[in-house]
Amino acid sequence: MDILLEGIVIIVGNYGSGKTEISINLAVNRKLAGIDVSVADIDLVNPYFRAREARRQLAELGIGIILPPDKYLQADLPILTPAVAGLIRKPSRLTILDVGGDKVGATVLSALADALDGKSYRMLQVINPFRPFTDTVKGCMKMKNEIEKASRMSISGIIGNANLIDETTVDVIYEGYAFVSKVSGETGLPLEFITVSSRLSDKIDMKRFSCPVLELHRQLVPPWKKAAAL
Amino acid sequence: MGKILMKGNEAIGEAGIRAGCLNYFAYPITPQSEVAEYLSHRMPEVGGVFLQGESEVAVGYMIFGAAACGERVFTTSSSPGISLMSEAISYIAGAQCPAVFVNIMRGGPGLGGILPSQADYFQATKGGGHGDYRLLVMAPASVQEAVEMVMMAFPLAEKYRNPVMILGDGLIGQMMEPVEFPENLKSEPSKKDDWATNGMDTRKSKKRNLVKSLFLDPVKLNENNLILKEKYERMKREEVRFEPYNTDSDYRILIVSYGTMSRVCRTAIDNLKAEGIDVGMIRPQTLFPFPEDAVFQAASKKSCGMALSIEMSMGQMVEDVERCVHGKCPVKWYGKCGGEVPTPEEIMDVVRSNLS
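Chains as they are written, first to last, in our numbering: chain S, 1 to 230; chain G, 1 to 356.
Worth flagging that the hints you see were computed from the coordinates, not collected in a lab.
All values reported here derive from a predicted model rather than from experimental measurement.
Heads up, some of the hints might be wrong.
[Claimed, not checked] Here are the simulated DMTMM-like cross-link-like pairs (lysine to aspartate or glutamate), alpha carbons at most 25 Å apart as the crow flies:
| hint | chain 1 | residue 1 | chain 2 | residue 2 |
| --- | --- | --- | --- | --- |
| 1 | G | Lys3 | S | Glu175 |
| 2 | S | Lys226 | G | Glu275 |
| 3 | S | Lys149 | G | Glu275 |
| 4 | S | Lys226 | G | Asp270 |
| 5 | S | Lys142 | G | Glu275 |
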């Protein structure tokens with residue numbers, strides 16, 4: 001089952017839910033399927049572990065990437081480059097907005113309201129049930145409501161990203177799938193796709209899932225590890 | 001409950017709660033603000049107190065006040081914030097109160113930058129504030145170890161009636177790793193009736209307690225300093241922690257490195273081993289007390305021709321390494337402290353260039 005996302009896709013969720021990792025990997029997945037893709041990093045909250053880390057690989061694949069200007073890359077200043085609004089006005093066939101964590105990170109979206117006015121978009125909430133605050137359906141709903149309030153936009157789907165990074169097991173994936181299916185059932189929000197680390201993909205029975213699966217090649221790694229090839 | 005995926009800063013906050021500490025006062029600063037963010041949600045859930053001070057100076061004295069009252073209390077900050085708290089830390093040590101301080105270091109001096117650094121080594125291990133005091137300093141190299149050290153810090157602070165510092169860096173605070181909170185590290189707060197100002201009606205003894213660091217009588221002040229000195233000597237005997245790595249091999253170079261930097265060194269050591277080059281490492285888990293004997297013994301090994309202090313500072317720890325190696329072999333330093341973490345390849349090059 002392929003991921004068929006197109007148009008403007010806004011990736012939101014709590015801190016550390018995996019938004020940036022998913023944005024990068026989704027961009028590559030769709031680019032390899034032959035469509036034109038751009039990614040904008042609009043995380044204004046956190047200067048660590050950002051999309052900029054994968055910049056070279058994305059550029060080599062011909063994926064457009066919008067980041068704050070170079071000289072401000074290491075500043076913890078909330079810089080929203082005008083290029084983002086420009087991209088929304090003239091989007092690629094798939095345009096991914098990688099938003100900062102929690103309601104604080106999502107606040108930036110209200111600043112893009114003019115650019116987004118009249119555009120159709122999908123806002124997807126990334127959920128990792130192995131993270132604090134989103135380990136219950138109630139917690140996920142609270143996160144959803146807070147993000148919607150801060151952004152003044154509505155979440156239209158969810159992405160399951162169950163993982164414990166290097167300690168992810170097959171059971172973590174199955175358990176996480178069951179959890180996000182439950183969230184999807186209770187909220188009525190479609191489960192757009194789930195993720196599986198490339199390290200585990202041959203051990204997983206994909207037939208268990210009734211949604212597409214995005215294979216993740218881990219990019220955001222600490223300095224003593226190597227990022228996977230995209 | 002199994003493992004969960006936590007950012008270092010969140011895990012440090014949760015570890016405080018699991019250690020039975022329900023008082024957290026802080027002021028936000030990158031790269032540790034998520035501790036405050038996390039505890040602003042969590043403290044109310046467990047009936048604890050999260051209070052943001054108007055500055056780090058204020059926070060330091062809020063910690064002193066709560067500690068003097070016999071409460072378990074902690075704070076977290078990053079380098080410039082710890083500088084502001086240093087006066088209070090000196091008062092707390094002088095008045096012999098237990099408290100836990102977490103420093104998620106960023107680059108300095110001054111405002112410096114917001115990326116990882118280990119440039120507060122001197123501040124943590126040799127002073128920061130004024131007077132003859134020491135902190136018991138623990139340096140985690142993973143999110144799990146940060147959890148365990150925070151949980152251990154509270155009973156240790158009470159054992160010595162002295163502040164304990166957890167010295168991490170921006171990467172320890174910001175990176176995500178799976179963690180669990182070991183039940184066996186939970187501890188009951190110690191009895192404090194004999195010294196704390198915890199209220200006359202809460203205890204049997206009618207003796208009034210006075211918590212102070214002011215001793216105008218020079219004999220009394222000297223006595224207070226001798227009490228402190230005896231505690232620090234006891235820490236040196238009882239609290240040294242370190243992890244040796246690849247020290248069973250016939251290494252020609254010994255690395256001494258801690259925290260995030262030691263994890264890069266570990267990868268470099270593994271890669272060099274695959275090339276047939278053995279390098280040993282002593283990773284201090286306590287920076288004060290420093291693993292003096294372990295470093296001396298490791299540097300005394302026949303095969304060892306050099307010790308390398310690898311740190312994200314401009315040679316602060318190398319002074320301790322030199323002192324402990326005690327002339328057994330030459331000691332060199334390698335490091336960076338702008339916020340870039342040296343890569344495994346850089347460390348491998350440093351090792352190779354020192355072998356040729």
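Going through the hints against the structure:
With a CA separation close to 13 Å, the supplied pair lysine 3 of chain G and glutamate 175 of chain S stays within the 25 Å bound. Among the hinted pairs, lysine 226 of chain S with glutamate 275 of chain G is consistent with the structure: their alpha-carbon atoms are about 18 Å apart, no more than 25 Å. With a C-alpha separation of about 56 Å, the suggested pair lysine 149 of chain S and glutamate 275 of chain G falls outside the 25 Å cut-off, and the hint is violated. A hinted pair counts as satisfied when its Cα atoms are at most 25 Å apart, and lysine 226 of chain S with aspartate 270 of chain G qualifies at roughly 14 Å.
For the suggested pair lysine 142 of chain S and glutamate 275 of chain G, the alpha carbons sit about 52 Å apart, so the restraint of at most 25 Å is broken.
In this structure, the hints that do not hold are numbers 3 and 5, in rising order.
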